[in-house]
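Trainee: Working from the sequences, and respecting the hints, build out all of it.
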Amino acid sequence: MRKLAGAVMALTVLGSCTDQSGTAAVRGTEAGQAVTLSAYPEQVYWGDTHLHTANSLDAFAFGNRLGPEQALRFARGEKVRSTTGIDAQLARPLDFLVIADHSDSLGSTRRLYEMPSSQVTDPVLRHWQDLMKAGPRQSQKIIGELMVLGAKGEIPKAYYELGSEQATREIWTEHTGIVERYNEPGRFTAFMGFEFSLQPNGNNLHRVVIFRDGKDKADQVLPFGSQGAGINVERLWDYMDRYEQATGGRALAIPHNSNVSNGTMFELVRPDGGPMTAAYARKRAAHEPLVEATQIKGDSEAHPFLSPNDEFAGYGVAGWELGNISLTLPKDNSMFAGEYVREALKRGLEIEARTGVNPYKLGMIGSTDSHTSLATSDDDNFFGKHTGNEPNTIRAMEPMNLGGADGRIGWNFLASGYAAVWARANTREALFDAMMRREVYATTGPRMKVRLFGGWDFTAADLAVDWVKAGYTRGVPMGGDLRKGSGRAPLFIVSALKDPMGANLDRVQMVKGWVDAGGKSHEKVFDVVWSDMATRKPGSDGKVPAVGNTVNEAKASYANTIGAAELTTVWRDPTFDPGQRAFYYLRVLEIPTPRWVLYDALRYGAKLDAGIEKVHQERAYTSPIWYDPKS
Amino acid sequence: MTLSDRLRSLSHEPLAHFLLGGLAIFLFFAWRGTEVDPASRTIVIDEPQVERLATQFSRTFRRTPTTQEIDGLIRDYIKEEVYNREALRLGLDRDDTVIRQRLRQKMEFLARSSAESEQPSDADLQRMLDANPAKYGSGAVISFDQIYLGEGAIAEARAKALLARLGRTDNWRGLGDPLSVPASMERATQADIERQFGDIFAGELASLASKPAEVWRGPVPSGFGAHLVRLRAATLPQPPKLSEVRQQVENDWRAATIDKREAAAYQALLDGYTVRIEKP
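Going down the list, the protein sequences come from chains A and B.
For the first sequence, this note's numbering gives the first residue as 1, with consecutive numbering after it.
For the second sequence, this note's numbering gives the first residue as 1, with consecutive numbering after it.
Note that these hints are calculated values from the structure, not bench results.
For each residue, glycine too, the CB sits at the ideal point set by N, CA and C.
A portion of the hints provided could be inaccurate.
Derived list of chain A stretches under chain B, where covered just means 3 residues or more per stretch with a C-beta under 8 Å from a C-beta of chain B [stated by the list, open to error]: (1) 158 to 169; (2) 180 to 190; (3) 263 to 276; (4) 490 to 500.
Here are the simulated distance ranges between beta carbons [said to hold, decoys possible]: (5) K211(B) <-> D87(A): 33 to 39 Å; (6) D122(A) <-> V275(B): 42 to 48 Å; (7) E42(A) <-> K211(B): 25 to 31 Å; (8) V82(B) <-> K157(A): 25 to 31 Å.
List of simulated lysine-lysine pairs, BS3-like, C-alpha gap at most 27 Å [what the hints assert, rightly or not]: (9) K241(B) <-> K79(A); (10) K79(A) <-> K79(B); (11) K614(A) <-> K331(A); (12) K79(B) <-> K157(A); (13) K520(A) <-> K331(A); (14) K106(B) <-> K141(A).
Mentor: Right, dumping it as structure tokens:
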């Protein structure tokens with residue numbers, strides 16, 4: 001019956017659209033509706049590129065019973081009942097969604113659950129089947145066991161055998177059929193994609209893969225698995241190349257949770273320990289234009305160990321700094337540099353200085369990595385990492401180890417984040433192309449509107465007129481490369497508008513990284529525009545004083561009586577050296593607001609221990625603009 | 001009504017689906033032929049049964065089982081059968097929540113699966129569209145101008161002062177504070193306005209739609225602060241044609257139909273029961 005459904009859907013698949021720049025409109029749907037492309041990106045589109053459904057092996061074991069259709073309906077704005085029976089609906093629908101179920105053992109846990117127990121001969125599988133049937137609490141133990149066995153490479157072969165090629169193909173084509181039905185060019189974009197969950201020894205090297213294309217092309221491949229001898233990230237890139245050659249389509253990969261890779265996500269050498277080469281760097285950069293810098297399992301922008309002078313660098317690191325994803329290997333300070341995005345951007349410049357190619361030329365997005373099929377990202381609607389911690393009284397203080405050891409507690413998880421994409425229309429092609437040119441930014445959930453343009457002749461007077469047009473015509477947007485300059489310092493149009501349904505803004509900072517003549521990288525954070533500039537004067541250390549705090553912890557509320565609605569300026573780099581390669585990205589900070597744990601305390605009477613983080617400053621990170629003296 | 005019409009209309013009947021489903025289950029069990037009376041103390045493993053075990057094995061492991069493995073499968077099957085019969089004899093299925101939930105899930109799945117492959121007719125979809133015009137249409141579209149006057153009490157005072165002056169001038173552009181939102185929007189939907197200005201402002205603007213146009217009013221609050229607004233036009237566009245929103249309507253039809261099927265199947269069964277609730 002399922003197969004029949006897939007076949008019928010395949011017949012109704014709509015012709016895929018093409019985004020040829022220069023054309024005013026692209027064909028949208030079968031009915032001939034055209035989707036108009038604006039001359040330049042006028043609208044920022046909001047989405048989640050990283051959502052798991054019941055088809056993910058772990059999500060199902062966690063108890064999730066909502067499939068891709070419910071996930072899409074929820075993102076599109078419909079009311080959906082969560083697995084634990086809570087009605088859920090987004091106050092603001094999303095513009096796009098990538099369902100990124102784990103390619104490994106796609107649908108296998110469900111298959112194991114539904115298998116006659118007499119067929120399950122492997123003792124570990126039988127034990128897991130028993131756990132699943134014993135109820136949700138027991139079922140969640142499977143994840144810990146999977147993680148630990150996975151880190152040791154000891155997941156029973158029989159588990160992977162559950163996912164025969166035929167079984168995987170059935171579930172993939174059913175999935176792509178559903179995604180295709182929910183893709184409405186101009187209104188809502190549903191991307192084909194999956195997660196490649198490579199994690200040697202429990203060091204997280206996961207990637208989300210996104211296809212630009214529709215079912216006709218996606219059905220020509222199967223999601224690429226991370227298990228098996230010789231599988232590494234280069235094999236994933238080869239797979240993407242084969243897809244592109246065979247179908248004429250496009251694919252990109254987005255690494256995530258570098259913060260639990262134990263220093264292996266952004267190495268100075270190749271994964272095999274050999275020296276970084278231009279060829280390897282070029283291959284990586286061509287396939288991976290973005291990084292997911294913030295999500296439920298912590299924030300990977302910056303770490304205090306690497307950035308001791310950055311008082312805002314410790315966001316969302318508590319718990320995640322203890323070890324790798326499975327907590328099977330502890331972490332030491334030497335590993336942070338290969339884990340945090342700011343350092344990766346700096347390493348990219350260093351490697352470029354040596355080899356001529358930057359492997360880490362990364363734009364930034366946020367996404368959820370939610371395993372509940374519900375793409376929630378606000379602190380007042382946090383549905384938890386997985387079905388076991390959908391809203392309840394204990395989740396904030398409960399141990400939440402994905403692996404076996406002690407360490408991480410519920411509150412370490414963030415209600416984060418979303419991907420913001422500046423595109424010319426809401427279609428697969430327009431959004432994908434914007435991701436490829438890195439015209440995107442990350443937020444921890446709030447929908448603040450952030451613009452960044454770099455150029456050589458901007459003036460404050462530009463802000464009085466159509467500065468967006470000025471930005472595009474006389475400069476480059478976030479994600480781009482500064483064009484050749486005259487040797488004078490570059491100027492940046494900086495604009496951050498608060499989320500109209502959220503908190504005011506504290507400040508906008510420019511984060512600069514550069515390489516000196518000796519090939520060593522440096523960083524500096526500049527406060528470039530902030531609220532109440534007349535009264536909040538920088539101190540002797542050059543830092544703008546804290547904005548204050550209006551949070552009422554008992555009521556889980558805050559007041560927009562401090563901060564600003566919009567912060568805009570034209571900024572000139574006072575430390576510019578035309579001979580040094582550099583990058584510039586914005587970090588936008590909101591005023592302090594309640595974390596999800598305070599909403600849990602208010603709504604469910606959750607007891608919170610002293611010393612946990614209850615208040616935070618949510619933020620956005622833009623993709624950088626790069627400067628290369630040779631360009 | 002011809003026979004084919006009759007069959008077609010029958011094919012839309014939830015009860016017909018349910019009965020067909022029931023027939024399928026019956027046929028499946030009749031074919032499987034193993035659902036013997038639990039009271040029986042004879043277990044027969046015949047050739048077709050062994051073949052089934054072997055087939056299931058090879059489907060899972062992509063190779064044929066060895067003779068020893070077949071023996072193991074048979075031993076295991078006998079054990080499962082013995083335990084199952086004894087458990088049923090002891091009535092263990094009746095007070096086990098896990099088993100009860102699993103059985104319920106299986107029944108729900110059977111009731112829902114028929115709708116997944118069904119194709120709705122245009123008339124089905126048109127009915128769905130007609131019943132929810134607000135959902136598929138854009139709702140009222142509004143054209144307006146706005147002037148932003150900042151945040152807090154000062155902004156409200158500024159708004160009132162400016163409002164008094166605005167009556168006498170059409171030269172409003174450039175007044176107020178700059179803000180990166182449109183000063184004017186044309187034929188904007190509620191969702192368009194909410195995206196730019198937030199829900200409070202969009203709601204306020206919608207409530208002004210019935211008042212005379214071309215008049216500056218305010219202060220109107222938004223997530224950014226206070227605004228003066230001038231509505232120029234508010235119109236309710238024609239409801240969308242099915243061809244324009246077919247995909248969304250069909251998705252919703254399918255989701256709703258699956259739920260309805262399940263509810264109807266449950267109701268059909270429930271109708272066969274007498275339920276007495278004796279509340280304390």
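Trainee: Now tell me, hint by hint, if it's right for this structure.
Mentor: Quick rundown of the hints versus the structure:
no.: 1; hint: 158 to 169; verdict: holds (count 4)
no.: 2; hint: 180 to 190; verdict: holds (count 4)
no.: 3; hint: 263 to 276; verdict: violated (count 0)
no.: 4; hint: 490 to 500; verdict: holds (count 5)
no.: 5; hint: K211(B) <-> D87(A): 33 to 39 Å; verdict: 36 Å, holds
no.: 6; hint: D122(A) <-> V275(B): 42 to 48 Å; verdict: 44 Å, holds
no.: 7; hint: E42(A) <-> K211(B): 25 to 31 Å; verdict: 30 Å, holds
no.: 8; hint: V82(B) <-> K157(A): 25 to 31 Å; verdict: 30 Å, holds
no.: 9; hint: K241(B) <-> K79(A); verdict: 24 Å, holds
no.: 10; hint: K79(A) <-> K79(B); verdict: 45 Å, violated
no.: 11; hint: K614(A) <-> K331(A); verdict: 25 Å, holds
no.: 12; hint: K79(B) <-> K157(A); verdict: 25 Å, holds
no.: 13; hint: K520(A) <-> K331(A); verdict: 24 Å, holds
no.: 14; hint: K106(B) <-> K141(A); verdict: 25 Å, holds
Checked against the numbered hints above, the structure breaks hints 3 and 10 and satisfies the rest.
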